[in-house]
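**Q** Between the sequences and the hints, there should be enough to build the whole structure, so can you do that?
Residue-level listing of the chains:
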Amino acid sequence: MGSRTIKVVFLEELKVDGAPQLRWGIKKTLIMFPDDLDMDVAAEKIFTDGLTEAGIAREQITRVVATGAGRKQVKFAHENITEVGAGARGALFMCPSARTVIDVGAEEGRGVKATPEGKVVDFAGNEKCAAGAGAFAESMSRALQLSLKEFGEASLRSNKTIPMNAQCTVFAESEVVSLIHANTPKEDIAKAVLDAVASRVTAMARRVGIEEDVVLIGGMVHNAGFVQSLKAALGVEKVLLPDLPEYVGALGAALIAAEANA
Amino acid sequence: MNKYPSEPLKLWKKAKELREQYYLDYARAKERGGIRWSGSAWALDAIPEGLGEDVYALTGEPYAASVSHDAKFNKQCQDAAEAAGFARDLCAYMRTYWGSIYLNKYLFGGEFPRPDFNFQTQICCSHSKWYQHAAKLEKAPAFYIDVGVGPYKDLDESRLMYVVNQGLESIEWMEKVTGRKYNDALFIQAVKNEMRSTSLWAEICSLNKAVPAPLDEKTMYSLYVLATINKAKRWCADFYQELRDEVAERVKRGIAAVPNERCRVMSDTQPPWAFLKIFRYLEEFGAVSIGSLYTFGLEGIWETKPDGTWGARTTPMDQGIDITTREQAMRLYVDWNLSKPQWQHFYDPRLKTEMMKTIVKEWKVNGVMLHLNRGCEGLSLGIMENRLGLATAGIPVMTYEGNMGDEREFDMVRTQNRVDSFMEALSLKRDFVHA
Numbered sequence: 102m103g104s105r106t107i108k109v110v111f112l113e114e115l116k117v118d119g120a121p122q123l124r125w126g127i128k129k130t131l132i133m134f135p136d137d138l139d140m141d142v143a144a145e146k147i148f149t150d151g152l153t154e155a156g157i158a159r160e161q162i163t164r165v166v167a168t169g170a171g172r173k174q175v176k177f178a179h180e181n182i183t184e185v186g187a188g189a190r191g192a193l194f195m196c197p198s199a200r201t202v203i204d205v206g207a208e209e210g211r212g213v214k215a216t217p218e219g220k221v222v223d224f225a226g227n228e229k230c231a232a233g234a235g236a237f238a239e240s241m242s243r244a245l246q247l248s249l250k251e252f253g254e255a256s257l258r259s260n261k262t263i264p265m266n267a268q269c270t271v272f273a274e275s276e277v278v279s280l281i282h283a284n285t286p287k288e289d290i291a292k293a294v295l296d297a298v299a300s301r302v303t304a305m306a307r308r309v310g311i312e313e314d315v316v317l318i319g320g321m322v323h324n325a326g327f328v329q330s331l332k333a334a335l336g337v338e339k340v341l342l343p344d345l346p347e348y349v350g351a352l353g354a355a356l357i358a359a360e361a362n363a
Numbered sequence: 511m512n513k514y515p516s517e518p519l520k521l522w523k524k525a526k527e528l529r530e531q532y533y534l535d536y537a538r539a540k541e542r543g544g545i546r547w548s549g550s551a552w553a554l555d556a557i558p559e560g561l562g563e564d565v566y567a568l569t570g571e572p573y574a575a576s577v578s579h580d581a582k583f584n585k586q587c588q589d590a591a592e593a594a595g596f597a598r599d600l601c602a603y604m605r606t607y608w609g610s611i612y613l614n615k616y617l618f619g620g621e622f623p624r625p626d627f628n629f630q631t632q633i634c635c636s637h638s639k640w641y642q643h644a645a646k647l648e649k650a651p652a653f654y655i656d657v658g659v660g661p662y663k664d665l666d667e668s669r670l671m672y673v674v675n676q677g678l679e680s681i682e683w684m685e686k687v688t689g690r691k692y693n694d695a696l697f698i699q700a701v702k703n704e705m706r707s708t709s710l711w712a713e714i715c716s717l718n719k720a721v722p723a724p725l726d727e728k729t730m731y732s733l734y735v736l737a738t739i740n741k742a743k744r745w746c747a748d749f750y751q752e753l754r755d756e757v758a759e760r761v762k763r764g765i766a767a768v769p770n771e772r773c774r775v776m777s778d779t780q781p782p783w784a785f786l787k788i789f790r791y792l793e794e795f796g797a798v799s800i801g802s803l804y805t806f807g808l809e810g811i812w813e814t815k816p817d818g819t820w821g822a823r824t825t826p827m828d829q830g831i832d833i834t835t836r837e838q839a840m841r842l843y844v845d846w847n848l849s850k851p852q853w854q855h856f857y858d859p860r861l862k863t864e865m866m867k868t869i870v871k872e873w874k875v876n877g878v879m880l881h882l883n884r885g886c887e888g889l890s891l892g893i894m895e896n897r898l899g900l901a902t903a904g905i906p907v908m909t910y911e912g913n914m915g916d917e918r919e920f921d922m923v924r925t926q927n928r929v930d931s932f933m934e935a936l937s938l939k940r941d942f943v944h945a
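If you're matching them up, the sequences are chains A and B in order.
Convert by adding 101 to the 1-based position in the first sequence; the result is the number in the numbering used here.
Convert by adding 510 to the 1-based position in the second sequence; the result is the number in the numbering used here.
If you are wondering where the hints come from, they were derived from the structure by calculation, not from laboratory data.
Any given hint might turn out to be false.
What the hints assert, rightly or not - In silico lysine to aspartate or glutamate, DMTMM-like type, Cα no more than 25 Å apart, as pairs:
#, chain 1, residue 1, chain 2, residue 2
1, A, LYS173, B, GLU530
2, A, LYS176, B, ASP921
3, A, LYS220, B, GLU794
4, B, LYS939, A, ASP223
5, A, LYS173, B, GLU864
6, A, LYS220, B, ASP941
Claimed, not checked - Going by beta-carbon spacing under 7 Å, a handful of chain A positions derived as facing chain B:
#, residue
7, THR183
8, VAL185
9, GLY186
10, VAL221
The beta-carbon is built from N, C-alpha and C at its ideal position, and this holds for glycine as well.
**A** This is the structure in C-alpha cells:
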C-alpha cells in the first residue's frame, strides 16, 4: 500500500526438490493507482481483481500480509509489516548476495543493512524532506516538462556536474527554473537533479554502512539516469537491479506470509 | 502477556503538586516581598539563594516545556515570537518563553511575572542570547556566567577558578541590584541541597538498571523536572530522598513500570513534549524506555565508581568535608556542576557516545532512539556522530525528527512508522493497543 500505487503479489508453493530458493514462485502481480478511492476500498479491489486475473478462489489464500504506508488499512490482512522489513526481505529473495538495500519509492528514500536472511540490522530514511525520494525527481521532471522516462534518458546524455544546493523540493524547483533561465541544457539539469537525489540517498545508506552487494528497489530502478548517478555517488562498480522492482516490498510481505504458513 | 507486577508510583502526585506550587510561588513572590529571578535550568541556582529565604526562580526550559503541553497557548507564543521577527529554527523553548513575555501571559494564570534579575550560565549557543533579549523586554538586569571551560576530564585549577571567580563576582552584583546583604550560611546550605538533589537523582536513575525497570522515562520526566526548576531548595532534595526510597522498594519487590517489559530502549535529548504518547506506543511492543543521558545527566551528577560502573557522585558532605566559607562552597559547587554529563558533549561528541555506551551496557539496553530535535541546537549537537558511534559498536539505533517545543515539526504517523520498523528489527510484535 504505497503512497502513490498499490501492488499485490500472489505466491505459490513450487516444491522444487533440492532447490530451497525455488520454494516459492510468483503466481501473479498487479498494480493500481487508487486515485480517489479510500485505501481500504482500493485494497479490497486490487485483491479481488488479482484473484480473478490469477484464477484463484479467495478460499485458496491461506495468509495475507500487508505492507507500505497504508498497510494498516488492509482490513483482511492477517498481519502487517513495515516497508523497511518487507523491502529487505523481498530484495534479499531477488538478490541473495545483497547486503545493502536502497529503496527509493515515491514518498521515501532509505538505506537498509540486512542479514543474508533478509532481516533488518539497521536503517535510515529521509524525514519530512522529499529530496531523497522519487517524488522529488517526479516534481523536477515536471518542471522540465519531460516524462520520467525522458528525464532519466536525458540525464544519461550529460557528462556535466552541476551541484544543486537546495535540499528542499520547493527550493530545488526554483533552482531548476534558474538553470532553465540560464539556458542550461535540459539533460544537464536532469543529471543535476538525479545526482542530487542519489547524493541524498547515498548519505542515508552511508549512515547504516554500505556493504556490497548493493541492491536498488522501488520505482526509481526504471530511471537509468538515476541508477548511473547512484553508482557514482556510492562509488561502487555495480548496483543490482531486481526484476519487478516496484513489487519488491509486496513480494517481501508475501514471503513473510508464506513462511508463516509453512 | 504481563510478566511482572506493576503499580502506580506513590510519589507521582506529590511531584506534580510540588511543581505546581513552584510556579505559583514564583508568581506570588511579590505579595510577600520576595525576590524573583529567572534563568535556565542550568543556572547556578544555589547562588541567588544566599539573598534570603524568600527567593523564587523561574527556569526557562521547564516553563516552556510546560507550555508545550498547551497546544493553543504554545502556538500563540510561537506566533508572537515570530511576529517579533525571530526565525522558527531558533531554540523552541526560547521562542516560547519570549512569546509568553510578548503576550504578557503566564501559563499558570495572570500576567507574565517579571523577574527582579536574570541570572544565566552560558554553554549552550542560545542561553545567553535568550536572557539578554528577555532582560531587554523585561527591563531587568542580567548576569551571565561563562561555564564553557572544556570537558571535566581536562579541568585544571585555572579553568576552575575562571568560573569560581565569576560566581563570586555574581554575588557582589546581586547585592548591588537587589540592595540585600548576602547570607553565606544560606548559600552554603543551598549548595548542599543542590548536591543532595542531583546526586540523589542520579541514584534514582541507577536503580533503573534493574530488570524490570521500576521507572519508565515518561514518568521520569515528571520527576526529574523538580531538579530542573529548583534543585538548590531543601524541599527538592528531601523529595528525591523520599523518591529514592520508594524506587528502591519497587526494585526490591520487582515492581515494573511496564508490566510486559521484554525490551529496553533509551532515548536522547528532550522528547517532543506534546507527543509523549510515543512512549505509551512503545509499551504496546513490550518496550520500556529506561531513560537517557538527557534524563539522567541533564541535572544528575555522576561518577565512575571503583568497580568501573556509573553511579551517583559522592557529595562532599558524604566525604566528610566541612563547608564553612563562601569561597570554599563556590569552589566545590562549581566543580560539582562542571562534571555535569550533559555539558560534556559541547566539547566533543565522543564523550557523549562513551557515556551512552555505558548506559546501554549497564542498563541492559536493546536499542537506542535518537530524537533529531530541531528545537534544540545545543543538545542535538553531534547527535549523528553519536549515532555512528553507537551503530559502530553494534547497538541498534533509530532516529526520528521532531521538535521538543514546536509541534509543527513533529509527524506522529511517520514517527510511529519508524518505531514499527525499529521494533521489527528488534524482533518485537505488538502485544496490545492502548485504548
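**Q** Work down the list of hints and note, for each, if the structure agrees.
**A** Comparing the hints with the structure gives:
no.	hint	in the structure
1	A:LYS173 <-> B:GLU530	violated (40 Å)
2	A:LYS176 <-> B:ASP921	holds (24 Å)
3	A:LYS220 <-> B:GLU794	holds (22 Å)
4	B:LYS939 <-> A:ASP223	holds (17 Å)
5	A:LYS173 <-> B:GLU864	violated (39 Å)
6	A:LYS220 <-> B:ASP941	holds (21 Å)
7	THR183	holds (4 Å)
8	VAL185	holds (4 Å)
9	GLY186	holds (5 Å)
10	VAL221	holds (4 Å)
Of the hints listed earlier, those the structure fails to meet are numbers 1 and 5, in rising order.
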